[in-house]
Structure formats: structure tokens, C-alpha cells
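J.: Start from chain C and add chains B, A and S according to the hints.
Protein chains in written order, with our numbering: chain C, 129 to 498; chain B, 129 to 498; chain A, 129 to 498; chain S, 129 to 498.
Hints were generated in silico from the structure; no laboratory data involved.
Hints may contain errors.
Each pair may be met inside one copy or between any two copies, as identical chains are not told apart.
[Claimed, not checked] With a cut-off of at most 20 angstroms between alpha-carbon atoms, the simulated EDC-like pairs for lysine to aspartate or glutamate come out as follows: (1) K494 to D240; (2) K203 to E306; (3) K203 to D400; (4) K177 to E189; (5) K203 to D240; (6) K455 to D303; (7) K188 to D174; (8) K455 to E225; (9) K203 to D289; (10) K271 to E194; (11) K494 to D277; (12) K455 to D174; (13) K203 to D491; (14) K492 to D240; (15) K455 to E189; (16) K271 to D491; (17) K177 to E448; (18) K177 to E306; (19) K188 to E305.
Protein chains: 4
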Amino acid sequence: MSGSTFGNIFKITTWGESHGAGIGVVVDGCPAGLALNETDIQTFLDRRKPGDSRYATQRKEADSVEILSGIFEGKTTGTPISMLVRNTAQRSSDYSEIASYYRPGHADYTFDQKYGFRDYRGGGRSSGRETIGRVAAGAIASKLLAMLDITVTAYTQAIGDIEIPDANCPLSQLDIEEARNNPTGMPNQETSLRAEAYLQECMARMDSAGGIIACRVANLPAGIGEPVFEKLDANLAKAILSIGAVKAFEIGDGIQAASANGSTNNDSFRMDGSSITKVTNHAGGVLGGISDGSELLLRAYFKPTPSIFQTQETVNRAGENIVIQIKGRHDPVIVPRAVVVVESMTAITVLDMLLQNMTARIDKIKQFYL
Amino acid sequence: MSGSTFGNIFKITTWGESHGAGIGVVVDGCPAGLALNETDIQTFLDRRKPGDSRYATQRKEADSVEILSGIFEGKTTGTPISMLVRNTAQRSSDYSEIASYYRPGHADYTFDQKYGFRDYRGGGRSSGRETIGRVAAGAIASKLLAMLDITVTAYTQAIGDIEIPDANCPLSQLDIEEARNNPTGMPNQETSLRAEAYLQECMARMDSAGGIIACRVANLPAGIGEPVFEKLDANLAKAILSIGAVKAFEIGDGIQAASANGSTNNDSFRMDGSSITKVTNHAGGVLGGISDGSELLLRAYFKPTPSIFQTQETVNRAGENIVIQIKGRHDPVIVPRAVVVVESMTAITVLDMLLQNMTARIDKIKQFYL
Amino acid sequence: MSGSTFGNIFKITTWGESHGAGIGVVVDGCPAGLALNETDIQTFLDRRKPGDSRYATQRKEADSVEILSGIFEGKTTGTPISMLVRNTAQRSSDYSEIASYYRPGHADYTFDQKYGFRDYRGGGRSSGRETIGRVAAGAIASKLLAMLDITVTAYTQAIGDIEIPDANCPLSQLDIEEARNNPTGMPNQETSLRAEAYLQECMARMDSAGGIIACRVANLPAGIGEPVFEKLDANLAKAILSIGAVKAFEIGDGIQAASANGSTNNDSFRMDGSSITKVTNHAGGVLGGISDGSELLLRAYFKPTPSIFQTQETVNRAGENIVIQIKGRHDPVIVPRAVVVVESMTAITVLDMLLQNMTARIDKIKQFYL
Amino acid sequence: MSGSTFGNIFKITTWGESHGAGIGVVVDGCPAGLALNETDIQTFLDRRKPGDSRYATQRKEADSVEILSGIFEGKTTGTPISMLVRNTAQRSSDYSEIASYYRPGHADYTFDQKYGFRDYRGGGRSSGRETIGRVAAGAIASKLLAMLDITVTAYTQAIGDIEIPDANCPLSQLDIEEARNNPTGMPNQETSLRAEAYLQECMARMDSAGGIIACRVANLPAGIGEPVFEKLDANLAKAILSIGAVKAFEIGDGIQAASANGSTNNDSFRMDGSSITKVTNHAGGVLGGISDGSELLLRAYFKPTPSIFQTQETVNRAGENIVIQIKGRHDPVIVPRAVVVVESMTAITVLDMLLQNMTARIDKIKQFYL
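One chain only, chain C, in its complex shape (with noise of 0.2 angstroms):
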């Protein structure tokens, strides 16, 4: 079955293996006339990159983007724009010897169960650097939402532990550029440290690291999301949960939600001059599936890096117990460089609902058509 496809009406679709000759994305449904070059793209990869980080593999790659088609005369055409990043850097005489056994937590068995057979090589087509495709195809979707006035933005709230203070207070009081220019990824200079020292403390440990994401969603118009299967929290959802290593999601108090009362649960309706606001976001912007006009929140749970320098137990291809270290490249933690991605997937399912919702009543179509 395929399964290398995301959203219905602007619909990804990537492609590529870590140790193959590239990564790449389709983004088909673009919509036409939105002003697009190779820098809009390559800005949103670069914040996935390794970078300088001690917290991150020491794979370094250019990661350099090139654009195939779709663009005219600097605009989208509305047909697919084919993305292309070359890998340059690999080294799979590092992985040679993790042919024969499977890792612990990686998906090394489970594709061996399902294909008869893997590319092993760096994860293969499991490895992160599939998301650079979904980063790709996010940059374009974050460009048409700021068109909208619409903004994303992701951070870390938590790596280990160590939490970001207040993590539902507004956005505003969070210090984003901070986020975007520490190795954590937090919008909090003080835990970022300590988060830092934790990791460190990791390392020395030759173990790994896992963490909290949080991504916003700022004014986002009522209405988007459609009631039954396709609510705008479900396919958030399965998009957060497409993303490797997450292993939990929540919209607003999400997990709180459950062990509260409905009394304090339930956000009031109040007029602000002609409009209606909530007093409280517990809902985190969704009712019944379709936002509410507040700020859209949500939450991605990412668990430890698999690979860690510490002798493990597993079993060989062979059927015999043994027991294995693992060599390569590997970020101690992996949720710092997971920022974009978690927004570029909110990004580009948030954009393809707002696409769904533009056929929901006759009068506006009346209103398009005639």
C-alpha cells in the first residue's frame, strides 16, 4: 500500500532514504500565484539542520534545495512543485554492520517483518531525514497561511524533565527568538540551560533524551475542520503522530482535560466588543472538531533517541541473542531539530482544511461563481 502521501487538497508526497541519492517531496494543490523561490524552502531547512549543536549527529549535510518545477516567473502555477535535496555526506560503511541485527527501538525488525528485506543503511526510509521533504512542503504551506495572516509557530516545552515554567501561558510572554537561536529549542534562556546540562548529563551517561513540543496556531478563522472523521484535532493528530518518535499528542489541557470536572473544564462564551471570544482555551481552539477562532495548541510527546552508546541486548538475523554497540552519527536528543517539523506538519494540515472548508455553504460558492 502506498503510504508516502499527506492531505487532500494540498497533498505531499515524499520520497528518498538517508544513504540513497536524495530526499524529496511533491506538493501537489499548491494553490497558483503565491510568490516562491529556493530561499523561502531552504530558510525552513536550515532550522532542521544539525547545525554546530553538540545535541545533534555530527552528519553534516548541505541540505541544499532545489526546486524542479511548478514555479514561473518566481510564482507557483498551481501544478506540482518537485523538491530536491541531494544527500552528499553519507558514510554507510557505518551502518554495514547493523544489516545482520535489528536495534532496539528502531524500526530495523518491523521492516524486515512487513518487506522481506531492508535498505539499512542510516534508518533507510525510516531515518529523520525524511522529514526534510515535510519541511520542505511546510515552508511552502507556512508562506500561503501568512498570506492569511495565519502563524505557527513550535518550541520546546520540555526535554526530560526539565519543563519550560507556565507552558499555557500566551505566546506573547514566551521568548521565541530565544528558541530559535539556543541548541534546546525553549522559549525560556534559564531552563534552556538546565536543559542543556541535563543532556549533557546524558551523554557522559552515553544514553539519550526525549521531550515535549508545543506548536500554536494563531489566528486561525472559526469554522475549519470538518465534523466527523475528518475534525481538525483527528487529522492533527495522525499528522504529529506520522512523525517519528512521537509516541502521544494532545490538543489544549489534553491529558489534564481528563481528571477535570466539566465546571472548570468548559471554556464560557463572552462578547469582546462585536465578537465572540472564549474566556479560557482549555479546548485548546477546537469544539466539536472545527476551530473556535482562539488559539489553536497542541502538544507532541517525543520518547528517547533509540540509539545510544550503550551495550544493548537484541537478537540477530540469524535468530541468536547478542549483544550489540551501536556506532554512527546520532543526536542525543532529537527534539530540538523536531521543531520545524512539528510545524511544518500542523502547517500543512491546518492549510488543507482551510482549503476543505471553502466548499462548506452554497452562498459562498454563489458568492465565488457568480
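T.: Relative to the frame of chain C, chains B, A and S by itself:
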């Protein structure tokens, strides 16, 4: 945009409103040759009925299902199975008042924003009664899975703060028989009684409660799920978040995994005779989006019922701040009745991905056709 | 695999067998705010009923439709519209014999090969009665198109070799009123009488006839259809070939175009006041898969009814060569009753592509949302 | 709306414009384990190159394919196969003039109406070069079908009025070797020479020609195709009409069937040893949308190339009536080069429906998994 269809191969389309003529579902893509009759469906539907529970709505519906197509000589024919449940106990007069205002925590406001107006009777399409279609389809999916020796079991893990002990224990240590017969759906009599006490306290306060439903899939073969966007857990996340009132989803250790280390979160592989197993199951049965042969374990977090009998502040359609007091028939907690809904959506998703997996390998396709 | 759903945004799912409990359709993605009642649907359904025609089956069904959902206060709500027509005049005994053999020209053999068995009563799912769902949905699509001043008109162009004169003449020169009231569906009284004579001759020979249905769409704006796989004419071709008994499809000059030269087949553009028109319309209203603003013109070629009363050679399920003589109630020609089916499938497809087109341009999206 | 993806399980997404950086395709859902290299693809691509034919464009492109992903150790891995062909012989200056006006018979006007502007160089996305992606994917589909002993063979049946004798004769009586090596693609040397003479006459008149391509699928098992909207022939019709310049599609006797009688059009079944065959094949291998085990036979009707060198009347973007004379490099007939495109789209469609059919029966699913 259409949003009432779920699944790719085993595809369900639900329809119907709380106070319309009825509720139903069309199941398309059901394989031919499955013995099926109305009792198979009714057994599942009866599990979501309020019954005599004091913690459930006082609306009493027979919810008798009629199979309208797709069965011949007691077996599925491979063509669509259409199922209909007539609404019989509508009391629309209960709802005439709410036509004019927006109930906090409900989809009243968002429907109006999306469609320009709404069927305000009993929540219309966003009523819990919509899940009748899902459960009817889930009954079929579960029966099909049983033919492949796969079983899906959901139960209540928590109501409010009252949680069963040792939530990660083996399924065999839970009293599922108890869960099927008590009013909380909890597989532990002592916890269930405490949860009942808590619910009575909530009702005394004219308040409502939320909770957690866990669902486990036993005997699922390894290799099910697609590696990128159509990950097994990503599709389960969408399936579960598409249920009204669900605000978070986790697979395996999920939320806890975010603060764990790789050394403790990784599940070691080990030979068990001639077959490969995992020593632990923090992953919840999925690696890289593909089932790993161990038990699938997911959790759904439900918010408290938004309909409470306390006075609440809100606005009306005329744009005035008002104070309301909701009438009607409402569940103080929907978790116990939602257990079979979670089980159904899980079964539907797992079955669909089992069918999708059949085309993964050329050797198996050759075996099928030659 | 599921195959009973058609459309991307305006999406219909049909279900039901000839001799089951009933036939129906779920229309999902219908925009909110359309005034709709059962009479709108019934008017269309009545056009496919055999009526008193001697050229149609003697099975008399009321085919009364019940709308089960999706309408509130006389208008569509944007949620699924479920429609049900009960079967009432089943005479399954007519078909007990055909359970054992394969009728030439029917789907008996292919169903058995695919599913292992079949509902043999009256053709089961491949009965012409399946089109009831299409026509009910087509009634809605047509009403929606009418709101946009777009009209869809189908009629019989030929029965056997008897064809209306000047098949490419303007629609205004055809007598559609005549077509709606005579037993052939031909918009020309003289030709219709000749076709009737031909049909009586066929019946005397215990034989059946085929024919051609033409369909025209007036006032369709330019720009509808997508450039590659989702071409307007490609989707129409699928829609039309999905009708049982259709064996060919053409758009515009279609078949004749293959032997024409570019100099005669090209349609010149010309200014008509301030708007662009085409001098001729060999293309049938589509260029590069996208509507060009002129009349859309397509044709469907129907094979003769396979049920004939002559003896025929075939095989039975036991693998023996046998001679059969079909009993039951059959149309000597299905073309007249299929006119409304062609019209419905055309309307559904055109509407779906009109809705899909709304997201083609960023300037129009901005206008919609800002 | 996105429209560049075709297929449900074996799913292809094409991208690229005539004068952009390149043309490509992503093939998702290809089963794992198929031996595949660039030569397999190049062989197919070479069949659509103009070669030295005087009846084809003078634009000479190497059309060298690069496989960017999805292959490991010489075999497909089950993940997306991305293929890229760079454009190298663009001469955009040829097209600067046509930016300002609408060529008759081309998609210039409709693209402008849809998107507000267009990539006018060489037809942009609606160029025949778009089919490179289809043919690259068709090469894979054909190789997969060959593993199942199924072969797909297309050839030119007619150019203008020049048609091969006995178009319904068995495939074995056609000279496919001849068709692969002459400039017309006709499986009959004498007819091909006459067609060449006709084309030279057209060129002398600065005119163009159309024609008919036939395609046959041998050894397709019975039972492929879904009974209602996803009929095998309905999907083939869409696949074929999605090819630029195709104006009609027929299956089996198609057009002729409309004027036949049931007694002659019905194909009798007969035992052939222990297996069931049909005495004739007017149906073209499909009954009720499902393959019947006999040869599949379809035809595509192509209009004459719209680019002719005669003067033509049209309008420009400024809204003035003008007279134009097209320059550039154009095929006087595209039929010979389109043979491999028809073959590819047929192979892709048939393969996709073979894969879809694998979930039709519970007994076979049990056999697969247990």
C-alpha cells in the same frame, strides 16, 4: 468537504443526527464470505446503550439495527453493508431553547460559524449518537479480526483521578468480565466502586467527569502499518481523536516516554524459542509505525461531559452575554459508554491496515495469484 | 476493496441489491444551505421508472424515497444526506434457476470468480436498480448546479441504428419536452416513432437493442477540471463507464476526431463583444482537461440488454455446457431509462470538479477568507 | 485541487513542465522485492522518444532517467521510487510569442482562466513531455505484471482513415515486431506504408493527423475490478482520457455494440476442458466491470495534433482577434509516440486493480495471514 468516511479499504461512512429519522453506516470493502447477522451487530450496539446506569443519559432508545444490504444467505457478499438504527425517543422540545445560544464545550458555535446554521436538536450531527454507526461497523471489523485470531479489548482505565492499579499489567490480570458488567467499565471491582462514589459526588455538585480508556490488541502479526504517513499509530491517533470529547492519544508509554531515557525506554529483542519477542513493551507494539508482533496498547483521554446542570456564562446568537442552565438528558460521564466506541475505532483501523498490508511484497502477490 | 464511493468533495456512496431490503445512497460533502425536500429527489427517480412503457421491465416499483438525515428546517446542513428506497416488488422466485448458471453478457460469472459466490437474485448489486442511488444524488447535484445557473441535459441520440438527425445541432433545436415524454427519450418525434418500430421488431424476434445517450452541460464557466489525471473529461469518462452496459465514451467529436485533420478539428477563438468564445466546438467544451466556457458535450454508448428470451448457450456452475432460456422481467432496451442516470453522473462529476476548482488560486482564497 | 496522482495502491504522482528543470514521477505503493534498474525504465522511455522519425518533433532529448530512491541492492524496497529526467534541449525562445495569445486546440486559454497565468513555454504542464513520468511508472507496472504472466501490448490501429485490416483479429496475427520498429507503430507493414504516405501528404498541406491506439492485456485472471464505481473499464477510461489529445475510449466492441442486438453481442460461455471460456469476446474482457478471464481489449481515439503550421484565427490576451502562424517543433501526428503511453496507463491501472482485488474474500485473507 466530505468528512464522514473513514478507512481506505475497509471503509465506513456514517450518517445521521441525534433527533433526525435515524442513524446509520455504510460499510464498503468488507470481504466476502463472513457469516454475519443482526445479532452480531446488536451485541455491540447494546454495549453503548445507557442501560440502567445512573451515570448515563435517561434517554432510552432500543437502538435496534436493521441490515439493509450486503448479506446473502447469511454471509457478506463483498458489496456494501448498509445498517440503519431508527431514532425513536427524540424529545426535541428539550432543545428548543438552546437554538438561541452557544453551550460552552459544545460544537454549537463552531457549527454555526462553519455552516451558517445548525441542527440544534440534541447536538445534531455532533451528538454521541453518531457513534452508533461506528460501533455497528466495529462489530463487523471485530468479527473479521477474530477470524484471524486477533482480539481487541478496551476498558476504562480512569474516571477523574480514580485509576485502576498497575495500568500496564498484562491483560490477563485485568477483570474484563467485571468491566463488561459494572457501570464504569473498569476491570477492577474495588476501583470501580470508588469511581462510582466519585461520580455520585460529581452529580451532587451538578458537575461531570472525564477519564481514560485503554485499548489492547492481542495477536496482531508484525509488519502491519505503513512507514511514513500511514503509520499504524498515526491512523489510530486519527481514529481515536475523531471520537467526540477525546483530547489526547498515546501509544505505549506515550506521555511518560517523553521524560524517559533511551536506555530504559528501548525494548530489547530476545529469542523466545524460534521466534523473536521483546523483553518489555514500552513502545506499545509499534516501531516505526509498523506493528512489532507484541501487544498493541493505546489510550484515549476524554474530557468531562460539557453538559452540566450548573449555571454557566455564555453568549447568544444575538450577541449578548447571558447565563444559562442546561436541561435535557445527559451523561455525567461518557467514558463507560465510549469503551465500545474506542474498541470499534481501533478494530476498524487495525483491520484496514491489515488489508492494506497484503500488497507489500511481490513474493506474496505471486503466491496469491499464481 | 471498497468501490461504492464516487467523488472527492461532493462524494456519494451507493448501496443495495435488486432483491434486498432496499437501495440507497449517502451524499457526503453537500454544501449547507440548499433548500431540499423529498419531492426534489422523487422527480428525478420517477424519470428512471419503467412507467407504462412496453419497452421496459414489467416490474413495478414505487421507488419512493425517504430522506433520513442531513436536512434541517428544509435546508441541507452540510452533513451527510442519507436516502433510502425500499424494494417492494421483489419476485425472487423468478431467479432461483439462474443461481446455477452464468447468463451471457451478465456479471454472474465474474462475481462468482471474484467473491466465490453471488447474490443471484435479479443481478444483485449489478442490477440496474443500483442506479437509484446515483439518480437520487444526481437530483441534488443538479439542483446545486442550477443555483449556479448551470444546466445538465441528457437525451437519447440513437437506438440501434435509428439516430436523430444532426446530432451536433444546438441544444435549442432539440425537442427536449418530447424526449421527456416519449418512451425512447429521443428529442425528435419522428425519429422516436421509428425507434419504437425498431424496438417492436426486436421484441418480436425476442431480441434486445442498445443505443447512444448524449449529455450537454450549458453555462459551465471556463477553468473547471484539473490538468493531468483529474481532467474534467477523464472523470466524466469514469463516471459514464461506471454505469452498467456502457461500452464507450466520447467528448465532443470524439471518435470522428481521430480521422480528422488539425486544420478542421481545431476550434478558433474569437471575441464576442468583450468575451472570448470559440467559433466551433469540436472539442466538446474541454481543452487540456479543463472546461473552456463553451457547451460540454459527451456521449455514452450502451450495449444491448443482455437478457433476451431467445435460447442461449452457456455453462453452469457444475462445469457443463447447457442451453438456457431466461425468464423474468427485463427491458428490451435500457437506454431510455438510463438517460437520467447519465444526466445524474454528469451532474455529480461536474459539481465535484466545480468545488475542487475553488482552491486553484491564492488571490481567490484570500478574497474568500480576508 | 491536487490532480497529479493516479491509483489507489500502486500510486503514481507526476510532476514537471516542458521547459522547466525536468520531468519526473514518484511511484508509491510498489511491492518490495522486484528486481529493477534504470535500464528497465530507459527501455520504455526510449519508445516514446521522437527518434529519427520525420513524423515527430525535431526536439531531441536524451530523456535519461535517474532513479533517486526506493531501490536497494537491485530490488524495490516497498518505499517510494522517485525518478527524474532532466530537460536539456529547451529552446524557450521559440515560445516567447505564444505568451500573448491562445493557440486553438491547446490548453493556453483554459490554464489562464483557471490559474490567472500560465507557464507558456512548450505547453508547460500540458506538454506531451508530462507523459515521461507515466511511461517511467508504466515500465515498473509492466515488469510487475510480467511476474504474474500478464502482458500488455499497445499498437497503432489507425492514422487518419488508414486502418489496419481486421482490427479484432487475435493478437498473434498482428506483427508487433513491425509495430515496434516502423514510424507509425502499426502492426502491419503495408498499412504502415500507406499511413506514412498520408502523413507526408498532411505535412505538405501543413496539416496534422489523429488516429486510434488499441491495447490488449493477455492472461489477466477473472475477478479483477470492483462492481460499481471502481469498475475495471471505468478506471481504464479515466486513465486513457487523462492522456492529452484522447477524445474517446471504448472497451471491446464499444461503439459498434450500441447498434448491435443482444443475440449477436452476447458472448456465450463454453467449457474448454475444465475451464470456462467465452466463444466470442464482444465485451472486451469485462463483464459488470470485472475481468472475465478473456483478453482485455480497449481503444483510445486521438485528435490530430493541434499545432499546425497553417495560419489560424484566434484572440490574444488583450482581447483582439488576430491571425497567427505557429512556430516551434511539433509532431504532425502524436499517435506513434503515444502507443507506449497508452500501454503504460493500461498497465498501471490493471496492476492497481489486481492489488485492490486481494482483499475481496475472507478465505483468501485467512490463507494469507494464517
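J.: For every hint, state whether the structure bears it out.
T.: Hint check results:
1. K494 to D240: between (53 angstroms within a copy, 19 angstroms between copies)
2. K203 to E306: Cα proximity of K203 and E306: none, with 33 angstroms in one copy and 47 angstroms across.
3. K203 to D400: neither (39 angstroms within a copy, 31 angstroms between copies)
4. K177 to E189: Within. Shortest intra-copy distance 8 angstroms satisfies the 20 angstroms Cα cut-off; inter-copy 37 angstroms does not.
5. K203 to D240: Only across copies: K203 and D240 sit 14 angstroms apart there, 43 angstroms inside one copy, limit 20 angstroms.
6. K455 to D303: neither (36 angstroms within a copy, 45 angstroms between copies)
7. K188 to D174: Cα proximity of K188 and D174: one copy only (12 angstroms, versus 38 angstroms across).
8. K455 to E225: For K455 and E225, the Cα distance is within 20 angstroms only inside one copy (9 angstroms; across copies 60 angstroms).
9. K203 to D289: neither (45 angstroms within a copy, 44 angstroms between copies)
10. K271 to E194: within (18 angstroms within a copy, 31 angstroms between copies)
11. K494 to D277: Between copies only: 10 angstroms across, 25 angstroms inside.
12. K455 to D174: neither (26 angstroms within a copy, 44 angstroms between copies)
13. K203 to D491: between (30 angstroms within a copy, 12 angstroms between copies)
14. K492 to D240: Close across copies (14 angstroms), not inside one copy (51 angstroms); limit 20 angstroms.
15. K455 to E189: Classified as within; 19 angstroms inside a copy, 45 angstroms across copies.
16. K271 to D491: Between copies only: 14 angstroms across chains, 28 angstroms inside a chain, cut-off 20 angstroms.
17. K177 to E448: Neither way: K177 and E448 sit 37 angstroms apart in one copy and 51 angstroms across, limit 20 angstroms.
18. K177 to E306: within (17 angstroms within a copy, 52 angstroms between copies)
19. K188 to E305: neither (24 angstroms within a copy, 52 angstroms between copies)
When the structure is compared with the earlier hints, violations turn up for hints 2, 3, 6, 9, 12, 17, 19 and for no others.
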